[in-house]
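Asks: For the record, the sequence lines run as chains A and B.
Here numbering that gives the first Met the number 0 is used: the first residue of the first sequence is 0, the next is one more, and so on.
Here numbering that gives the first Met the number 0 is used: the first residue of the second sequence is 0, the next is one more, and so on.
Accuracy of the hints is not assured; some may be wrong.
Identical copies look the same in the list; a pair holds intra-copy or inter-copy alike.
Only pairs whose alpha carbons sit at most 25 angstroms apart, straight line, appear in this in silico DMTMM-like list of lysine to aspartate or glutamate [unchecked claim]:
| id | residue 1 | residue 2 |
| --- | --- | --- |
| 1 | LYS272 | ASP66 |
| 2 | LYS272 | ASP283 |
| 3 | LYS145 | GLU315 |
| 4 | LYS272 | GLU83 |
Just so you know, the hints here were simulated from the structure itself, not pulled from any lab data.
Each chain is listed here by its residues.
There are 2 protein chains.
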Amino acid sequence: MSKRVNRRIVLAARPQGDPRPGDFEVVERPVPVPARGQVLLRNVLVSLDPYNRIIMGNANSDQPALDIGDLVFGFTIAVVEASEHPAFAVGDHVASTSGWQEYAVSDGSDLRPVDPRSAPLTANLGILGMTGLTAWVGLTRIVTPKPGGTLVVTAAAGAVGSAATQIGKLRGLRVVGVAGGPEKSRHLLEDLGVDAAVDHRAPDFPEQLARAVPDGIDTVYENVGAPMVAALLPHLNPGARLAVGGVMAQITRTGGFEGPDRLPDLMRAVLYKDLTVRGFSVPDHVDAYPEFLAEVAPAVASGEARYAEHVVEGLETIPFAFQDMFHGRVTGKMIARIG
Amino acid sequence: MSKRVNRRIVLAARPQGDPRPGDFEVVERPVPVPARGQVLLRNVLVSLDPYNRIIMGNANSDQPALDIGDLVFGFTIAVVEASEHPAFAVGDHVASTSGWQEYAVSDGSDLRPVDPRSAPLTANLGILGMTGLTAWVGLTRIVTPKPGGTLVVTAAAGAVGSAATQIGKLRGLRVVGVAGGPEKSRHLLEDLGVDAAVDHRAPDFPEQLARAVPDGIDTVYENVGAPMVAALLPHLNPGARLAVGGVMAQITRTGGFEGPDRLPDLMRAVLYKDLTVRGFSVPDHVDAYPEFLAEVAPAVASGEARYAEHVVEGLETIPFAFQDMFHGRVTGKMIARIG
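So here's chain A without its partners, still in its complex pose (with noise of 0.2 angstroms):
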């Protein structure tokens, strides 16, 4: 088995900007061999998710960064091909964290069982995964909206917001769903059944949201930063909540914003509006793991919670995947099929 090999996606460069696929190198490694109390895992599905351009490092981020010439980290899908570990059998299908590579060992610490019976595949990468979790606590640890009451999501027909518009129905909110390109508007109103879209590449997004929340906004799932942050304050309700997931307009930009400067306005929105804005991240909230899955869970196996994937072939794709999911050409969740 050692004399087998395992392509792993290492950094090459980091990314200026938009992550291009020449910053990535795919390097051969031998497959590990686990050791007394570890498994080795067969990567059959890898997670693409703006975490990892964060991970890789620029100006604008104080998480610690990838080295070069390191494994991209990240979510995947993989199935046990040889056990040392009493809780795992081969065969076994688990939801890892052994990133971009197609083989990898672990002592199980980070893996979580997944039934392939119970949901698709992918679905345990998506809605049901880390993506659906994001979406679930910040609609409920972070922020918790009323029902009745108007959400909107931002990048609404990414893989977080998407998850958050369903979540946002499973709750009883009125729901408006935000994304670029009429394309997208189109799958929020009728693949995903919000109660409104607004396309922010419109020349009249001005009116269009005006119009998608006559009764103003209450809860805001966001997940792009200052642009729609700055469009929709002007919207929000006394008492509004913004759960801030993700800032994906600003993760691949480095040095300064130029003006006017909308921070003013923030803050004085927050002081005479009452406004709460919070952010948070999920690794810090992993023990609402089965909480989140006991509530969303049905809704996917009955259809009442939707969901758009979009699923790339081979390892050898991701880097161009990647860089696509940072230019606004993908719906729904992105995962690449490498086994």
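Could you slot chain B onto chain A? The hints should help.
Replies: For chain B alone, coordinates are given in the frame of chain A:
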């Protein structure tokens, strides 16, 4: 009694930026006569607050604004001169909302009895009044700092800010006060007993701030607005919380703010540091008054909680004193003694 004159300060012109004495006019009206169920109040102390400026309106405010010719609404301490109300007797001292005038009638619903023997009368407008309650609500209901953490209070030599420093000390926090000028730093250290003082007007403000928060910042009581928030951001610890009780530096600003745009910096910090930024207004929390008073009044009586006041004499001085307050020339709670 009805032939006596009631002098009242009304809005003569909507202030453009900082308020100026010419924005106000003293008009004379007959002293009102209380009907059944009302009391006649003679105001003896008038509270001057940033809130008074906010309600005068400008492009930046979402609050309902006073109209030209309206009495300036505000807090006072008054003596009951005549009573047709069973709960109030002639000679009683009360806190009221009767505004910048000598006499007023009230049905009692806005009145709170004050005991002139338990604390100086002025303290009932300051650390034991709405001013102190504002600081207390911010550090109790809006954020809940843990003992031992570092609290930064901005505009710390002002009325609400100085109350926040004292409540922070009562809660066992390390309290850092930020104010403008060396005299205010001295006041914070020597009179109010903060752990460190930072002069935001000093050329070495960034270094002073860095030295004052060697373990970072866990909690901010924020009174100032965007410039101060931007300066504090790099020092905020993960999970830090900001209670936004004022935007003093922005109240009188009209129009936009020059770049660079600092909203992206805030949104990034909110996400990457799991920040909570939360505004509030104290009228929503007047039910907290008894609990607040139970904690703070004994500390004021014992001298453990300290406070400063700036008392001017006479109704006609109010427009000038009010202007001074916006030029940073006032330390502590500003009060006009008018009777």
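Asks: Hint by hint, note whether the structure agrees.
Replies: So, going through the hints one by one against the coordinates:
no. : hint            : in the structure
1   : LYS272 / ASP66  : between (43 angstroms within a copy, 21 angstroms between copies)
2   : LYS272 / ASP283 : between (29 angstroms within a copy, 12 angstroms between copies)
3   : LYS145 / GLU315 : neither (45 angstroms within a copy, 49 angstroms between copies)
4   : LYS272 / GLU83  : neither (57 angstroms within a copy, 38 angstroms between copies)
Hints 3, 4 from the list above are not met by this structure, while the remaining hints are.
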